[in-house]
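Can you make the complete structure from the sequences, with help from the hints?
Number of protein chains: 2
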Amino acid sequence: MNSFIYHIPTKVYFGKNQLGHLGEELKKYGKRVLLVYGGGSIKKNGLYDKVVAEINKAGLELFECPGIEPNPRVSSVNRGASICKKEKIDVILAVGGGSTIDAAKFIGAGTYYDGDAWDILTGKAAVTNCLPIITVLTLAATGSEMDDCGVISNPEAKDKLGFGHPLLRPKVSFLDPTNTYTVSAYQTACGSADILSHIIEVYFNMDKDLAMLDSVMEALMKTVIHYAPIAMKEPTDYEARANLMWASSWAINGFIDGGKSQEWSCHPMEHEISAVYDITHGLGLAILTPRWMEYTLDETTAPKFRQFGCNVLGISSSLPAMEAAKQVIQKLADFFYKDLGLNSTLSSLGIDSSNFASMAKKACGGGILHGFKPLNQNDIEKIYRMCI
Amino acid sequence: MNSFIYHIPTKVYFGKNQLGHLGEELKKYGKRVLLVYGGGSIKKNGLYDKVVAEINKAGLELFECPGIEPNPRVSSVNRGASICKKEKIDVILAVGGGSTIDAAKFIGAGTYYDGDAWDILTGKAAVTNCLPIITVLTLAATGSEMDDCGVISNPEAKDKLGFGHPLLRPKVSFLDPTNTYTVSAYQTACGSADILSHIIEVYFNMDKDLAMLDSVMEALMKTVIHYAPIAMKEPTDYEARANLMWASSWAINGFIDGGKSQEWSCHPMEHEISAVYDITHGLGLAILTPRWMEYTLDETTAPKFRQFGCNVLGISSSLPAMEAAKQVIQKLADFFYKDLGLNSTLSSLGIDSSNFASMAKKACGGGILHGFKPLNQNDIEKIYRMCI
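Going down the list, the sequences are from chains E and A.
Following the working numbering, the numbering of the first sequence begins with 101 at its first residue and continues without gaps.
Following the working numbering, the numbering of the second sequence begins with 101 at its first residue and continues without gaps.
Don't take each hint at face value.
A pair holds if it fits inside one copy or across any two, identical chains being indistinguishable in the list.
Below, simulated SDA-like cross-link-like pairs (lysine to any residue); rule was C-alpha separation at most 20 Å, straight line [to be verified]:
#  : residue 1 : residue 2
1  : K128      : N229
2  : K116      : F104
3  : K271      : G354
4  : K116      : K360
5  : K188      : P166
6  : K404      : E339
7  : K185      : A226
8  : K116      : N102
9  : K143      : F355
10 : K360      : Q118
11 : K308      : H326
12 : K116      : A311
13 : K360      : E339
14 : K404      : L135
15 : K116      : I105
16 : K116      : S103
17 : K128      : I105
18 : K271      : I105
19 : K127      : G467
20 : K271      : F355
21 : K127      : L160
22 : K224      : N476
23 : K116      : K308
Worth flagging that the hints you see were computed from the coordinates, not collected in a lab.
The following block contains the structure:
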């Protein structure tokens with residue numbers, strides 16, 4: 101069992117009617133606020149007006165960086181960082197989902213770097229500092245509101261890279277489940293697949309770890325599986341939205357992987373798909389995960405599948421491990437493709453196998469992905485082909 | 101569902117061989133360190149020497165406040181605060197269990213108050229500031245290492261009061277499960293009863309709350325029930341000690357009670373017992389809890405008992421709620437009195453009913469304890485009598 105450091109200082113205002121605290125929190129960091137947001141949905145649903153009213157009420161100066169893409173691009177990050185440098189921004193306010201918050205993180209770090217922010221993603225440049233980040237979350241999915249990492253795309257390089265640093269963790273996040281009422285059933289499904297995948301990446305692990313954390317992960321996964329279909333059918337069901345929202349933060353803020361050193365599997369594989377084809381991340385994960393499970397299933401990994409089946413999916417504990425594992429994979433596929441109604445194949449999205457070899461090579465960095473079961477380029481290409 | 105603020109900034113070094121970080125963490129807060137500890141067990145087991153070596157290596161100045169009692173007394177708090185004032189202490193290092201850490205919290209707050217620290221506990225004086233507190237935990241029980249409250253006894257007033265304030269939360273805690281290897285089977289049992297009780301106080305709640313948190317609480321309770329008997333039999337079982345230790349922190353750091361406003365029940369009742377008779381807190385809780393459950397069980401509360409039974413104790417979900425609830429109470433009593441081997445009655449500790457009336461009055465402050473089921477003085481006295 102590995103030792104670890106736990107440190108999640110993000111302050112979270114959870115629930116309705118908490119936005120009245122926004123001004124006081126922003127003020128702690130300065131007067132000049134850069135508002136970062138996406139394609140304008142917050143203008144349609146009224147959240148933009150509420151946020152601006154709080155900024156004005158607090159007597160702060162507002163600057164804007166709109167237009168962050170769903171798979172946020174490094175060009176937007178560089179644009180934001182330029183504004184911060186030019187306008188001497190004190191604090192970044194990201195209003196949106198994971199893409200907007202991820203972009204805000206690298207805008208914050210990029211402000212302290214003279215050059216292309218992509219250098220931070222590639223590791224060429226170090227994170228030396230980051231502007232304080234406050235978020236108002238509008239989508240339960242990536243967990244970016246409470247974690248210390250983000251993912252940025254570079255379409256010119258057909259590349260999508262993730263990077264984490266403690267300085268990137270938001271100082272304060274406002275999690276109001278009613279701000280997700282307007283999220284479509286499809287985006288709710290994709291977000292829920294993302295949350296579930298964050299937990300699966302950590303849970304499916306051959307290390308001897310803290311059983312307590314396994315139990316907590318099972319609790320979070322049960323929550324997502326129970327409430328995602330409810331939120332899709334009843335978009336204004338507060339209970340469902342609240343449970344999904346808080347589960348999204350805890351799936352990836354660092355708590356559940358205390359001491360775990362294993363690499364992730366499905367996320368690096370999916371990042372290559374959305375880097376090339378710009379599909380929604382959670383959808384890619386939903387297509388990949390059951391195939392990855394099928395590929396990694398063997399006598400040594402089967403007991404973990406059975407544990408998942410018994411404690412999360414209600415599969416009988418009397419089944420032999422291999423049989424239980426097969427049921428688990430089928431049940432999870434049914435959850436993604438029937439309950440959540442997501443596409444089950446890459447071909448249905450118009451994706452063929454022409455880029456699989458290069459995507460697979462990038463996904464494992466030309467070496468081995470040291471996940472639940474080690475995967476090389478050849479393994480990953482096979483998994484991609486199973487998704488066709 | 102209530103809104104809430106989540107904010108747990110304590111940094112935790114979890115696992116073996118982390119004490120090398122102690123010096124760098126202390127240094128962040130200053131040069132003059134007050135080492136607070138208990139009756140000297142850390143001198144016997146070598147932890148004192150290790151801690152002092154790290155303080156010396158970091159070039160810090162060491163002052164000492166030993167002799168904190170198992171139910172820490174306000175006289176010790178005042179003694180510690182006097183040292184801090186006189187020696188201009190920068191940071192408090194508490195090495196011990198919950199009693200030592202609780203005392204350190206009020207020493208830290210008492211340093212900024214000219215008068216008896218008891219005034220802070222009674223609410224006569226406000227907490228205006230607190231010296232930074234770093235802890236090295238030696239007992240999995242109270243969760244004081246990561247929470248913002250503490251309990252102090254005043255034997256002259258035959259009183260024991262709890263008090264919480266965000267400034268009291270430790271900045272850094274070192275949780276090395278091997279530091280609990282020397283904890284006796286009896287103290288392991290009492291500590292585990294305390295952890296379980298912290299969760300039960302929150303879990304047994306009639307409010308409509310986040311189901312996710314119920315599932316997480318079930319995960320934590322399963323952890324304690326599974327590992328406590330193992331740690332008692334095999335005191336150097338790292339896995340058992342690690343799971344109990346991390347569960348102790350998460351049982352009470354604030355995460356599980358997001359949005360819950362209900363008062364606790366068994367803790368205020370127990371504090372009166374240990375205030376008068378100076379028994380171990382966890383033992384008192386183990387005696388009280390099954391009787392409190394029996395007393396609060398009715399048609400309205402039975403479904404929550406059944407949920408607990410099904411998800412934590414493996415009771416069949418097909419049982420009617422009342423029958424399931426009765427099985428739950430019996431199973432929990434068996435856990436406390438058979439598996440943990442704790443005394444099941446107050447009379448076995450030499451306690452009779454002579455003080456029950458005054459204790460019951462104090463436990464509810466002469467009014468109502470607004471817990472899972474509201475309890476007045478008369479109710480509480482009846483529960484005490486059930487424990488004889």
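Query raised in the report: For K188 vs P166, is the C-alpha pair at or below 20 Å within one copy, between two copies, both, or neither?
Result: within (18 Å within a copy, 51 Å between copies)
Query raised in the report: Between copies, within a copy, both or neither: which fits K271 and F355 at Cα up to 20 Å?
Result: Answer is both; intra-copy 17 Å and inter-copy 17 Å each pass.
Requested in this report: State whether the alpha carbon distance between K116 and K360 is at most 20 Å within one copy, between copies, both, or neither.
Outcome: between (35 Å within a copy, 15 Å between copies)
Requested in this report: Please work out whether the CA atoms of K127 and G467 approach to 20 Å or closer within one copy, between two copies, in both situations, or in neither?
Outcome: neither (47 Å within a copy, 42 Å between copies)
Requested in this report: Could you figure out if K128 and N229 sit no more than 20 Å apart (CA to CA) within one copy, between two copies, both or neither?
Outcome: Intra 18 Å, inter 19 Å, cutoff 20 Å: intra and inter.
Report task. Classify it for me, K404 with L135: is the Cα-Cα distance of at most 20 Å met within a copy, between copies, both or neither? Result -> This pair counts as neither: shortest intra-copy Cα distance 44 Å, inter-copy 45 Å.
Query raised in the report: Can you tell me if K127 and L160 fall within 20 Å by alpha carbon in one copy, between copies, both or neither?
Result: within (8 Å within a copy, 36 Å between copies)
**Report entry** Identical-chain pair category, K116 with N102, by Cα at 20 Å
**Finding:** between (39 Å within a copy, 8 Å between copies)
Query raised in the report: Which holds for K143 with F355 at a C-alpha limit of 20 Å: within a copy, between copies, both or neither?
Result: Neither: 34 Å inside a copy, 33 Å across copies.
**Report entry** Within, between, both or neither, where K308 and H326 count as close if Cα-Cα is 20 Å or less
**Finding:** Classified as between; 16 Å across copies, 28 Å inside a copy.
Query raised in the report: At most 20 Å between C-alpha atoms: does K360 with Q118 qualify within a copy, between copies, both, or neither?
Result: Answer is between; shortest inter-copy Cα gap is 16 Å, intra-copy 35 Å.
Report task. Since the copies are identical, ignore which copy is meant and state whether K271 and I105 lie within 20 Å (CA to CA) inside a copy, between copies, both or neither. Result -> Both, since 18 Å and 13 Å are each at most 20 Å.
Consistency with the previously given hints fails for numbers 9, 14, 19, 22, ordered from lowest to highest.
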